[in-house]
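Undergrad: In case you want the letters, here they are:
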Amino acid sequence: MGLSWMAWTWPTAAFFITVVLSITAMGIWEKYRPGGDPRRGILGLDTTRGDRLFISWLGTGFIGLGWLGFFGSPLWGALILAIIFWFFVFKWV
Amino acid sequence: MNKTINQKAWWLILPVLVLVAFNAFIPLMTVVNYSFQETFGNNQFFWEGTTWFEQVLNSDRFHAAFLRQMLFTAMIIVIEVPLGIAVALTMPKKGPWVSVCLVLMALPLLIPWNVVGAMWNIFALPDIGLLGYTLNSMGIDYNFTQQPVSAWITTVVMDVWHWTSLVVLLCYAGLSSIPDAYYQAASIDGASKWAVFRYIQLPKMNRVLTIAVLLRFMDSFMIYTEPFVLTGGGPGNTTTFLSIDLVKMALGQFDLGPAAAMSLIYFLVVLLICWTFYTIMTRDEVN
Chain A
1 MGLSWMAWTW PTAAFFITVV LSITAMGIWE KYRPGGDPRR GILGLDTTRG DRLFISWLGT
61 GFIGLGWLGF FGSPLWGALI LAIIFWFFVF KWV
Chain B
1 MNKTINQKAW WLILPVLVLV AFNAFIPLMT VVNYSFQETF GNNQFFWEGT TWFEQVLNSD
61 RFHAAFLRQM LFTAMIIVIE VPLGIAVALT MPKKGPWVSV CLVLMALPLL IPWNVVGAMW
121 NIFALPDIGL LGYTLNSMGI DYNFTQQPVS AWITTVVMDV WHWTSLVVLL CYAGLSSIPD
181 AYYQAASIDG ASKWAVFRYI QLPKMNRVLT IAVLLRFMDS FMIYTEPFVL TGGGPGNTTT
241 FLSIDLVKMA LGQFDLGPAA AMSLIYFLVV LLICWTFYTI MTRDEVN
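So the sequence lines, in the order shown, correspond to chains A and B.
Position 35 of the first sequence, counted from 1, bears residue number 35 in this note's numbering, the numbering being contiguous throughout.
Position 268 of the second sequence, counted from 1, bears residue number 268 in this note's numbering, the numbering being contiguous throughout.
Hints in this document: simulated from the structure, not taken from any laboratory.
Think of the CB as a built atom: it goes at the ideal place given N, C-alpha and C, for glycine as much as any other residue.
One thing to keep in mind: the hints can contain errors.
Stated by the list, open to error - Incomplete in silico selection of chain B near chain A, CB under 7 Å:
| id | residue |
| --- | --- |
| 1 | L28 |
| 2 | T30 |
| 3 | T50 |
| 4 | F53 |
| 5 | E54 |
| 6 | N121 |
| 7 | F123 |
Unchecked claim - Counterexamples of contact, computed for chain A against chain B with all Cβ distances above 12 Å:
| id | residue |
| --- | --- |
| 8 | T12 |
| 9 | F16 |
| 10 | M26 |
| 11 | L45 |
| 12 | L65 |
| 13 | L68 |
| 14 | L75 |
Unchecked claim - Cβ pair distances, simulated, as ranges:
| id | chain 1 | residue 1 | chain 2 | residue 2 | range |
| --- | --- | --- | --- | --- | --- |
| 15 | A | P38 | B | L271 | 19 to 25 Å |
| 16 | B | Y199 | A | I42 | 29 to 35 Å |
| 17 | B | M218 | A | V19 | 19 to 25 Å |
| 18 | B | D60 | A | P38 | 30 to 36 Å |
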């Protein structure tokens, strides 16, 4: 059984590799700084590093969708916004 | 403190990981792959980029189905959760009637979705159905196959009939776990029924209510079989909810690319709303 039915492409594979790498990075981070760094951020939410990763990915999805809905492709603007969002979430949320 | 450190137990989650991989991760990855491509079958795919996402996000059809879905889910939660709490509060706490009530409550949950749809379809038919015929005999103009309002009312009532029991059983479990000492203390303080509910029962039901709201949200947001069997999404498109629209697009029209893009948008919305609900409802516990 081949994997042709899954219709893999390099861009989508790169996306999933990035997701897996981000989770692996969290594992390595946890190994060196155990405890998950829980805190209450500016939104009043109690989050750990894992929660912040989840919020960042979810937010990235909506930033991408919002950009496509309002401006269409290409997504470079959405990418810049997403990077700013990740920085914001990991720094303050 | 000599704590044994042994990480071998992690291997025990391997079967679950394999199961989740096959029923969730791999299909999800495939949907992501499809959402960027066009196919005419035969495993041949053509790269389309973000075209399908743009098309779905700007389509009136998607906006309408999404609004219908949100309205339906909001109505379901607003009706079923308070009703479930009310029924659970009136159920007996001790004695032989407990089992009778629990079995009666569990009955609708045991009926398969398509059977519920078929039952309500026949029950509500204006010419031969008990409900439809009775309402029309009383002078109420009711025909769920032709009137959007009748179709909506029937769909909502059917869901309330099918799923309120779940909320009732969860709330009942929450109520049963409250020790008698709380009620005794409340009666010594002369607390009113409302005060007992507000300050003892409701806080103690917080966790089960979180589960109830999340389950009812997810189930009603993804509802397919019951309205499909009852109304087929009609009259017109008035009860075409997101999943019915999705199936029409994916299987009826074989537009796998746009359907995949729509599923991913749908998935992200479900994820966002569940996360928001969960965060809000578990916040007090953390505090």
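Undergrad: Hints first: check each against the structure and report whether it holds.
TA: Each hint, compared with the structure:
1. L28: Check failed: Cβ of L28/B comes no nearer than 10 Å to chain A, outside 7 Å.
2. T30: With Cβ-Cβ at 5 Å, under 7 Å, it holds.
3. T50: Holds. Min distance 5 Å.
4. F53: For F53/B, the interface hint holds, since the closest Cβ of chain A sits about 5 Å away, which is under 7 Å.
5. E54: Because about 5 Å separates E54/B from the closest Cβ in chain A, which is inside the 7 Å limit, the hint holds.
6. N121: With a closest approach of 36 Å, the N121/B hint is violated.
7. F123: Given a least distance of 41 Å, the restraint on F123/B is violated.
8. T12: About 5 Å separates T12/A from the closest Cβ of chain B, which leaves it inside 12 Å; violated.
9. F16: 6 Å, violated
10. M26: Correct as stated: the minimum Cβ-Cβ distance to chain B is 16 Å, above 12 Å.
11. L45: The claim is violated: L45/A sits with its nearest Cβ about 6 Å from chain B, within 12 Å.
12. L65: Per Cβ check, L65/A is inside 12 Å of chain B; nearest 6 Å; violated.
13. L68: 5 Å, violated
14. L75: About 7 Å separates L75/A from the closest Cβ of chain B, which leaves it inside 12 Å; violated.
15. P38/A / L271/B: 19 to 25 Å: Given about 22 Å between the Cβ atoms, the range holds.
16. Y199/B / I42/A: 29 to 35 Å: 31 Å, holds
17. M218/B / V19/A: 19 to 25 Å: 23 Å, holds
18. D60/B / P38/A: 30 to 36 Å: 45 Å, violated
The structure fails hints 1, 6, 7, 8, 9, 11, 12, 13, 14 and 18 (numbered hints given earlier, in ascending order).
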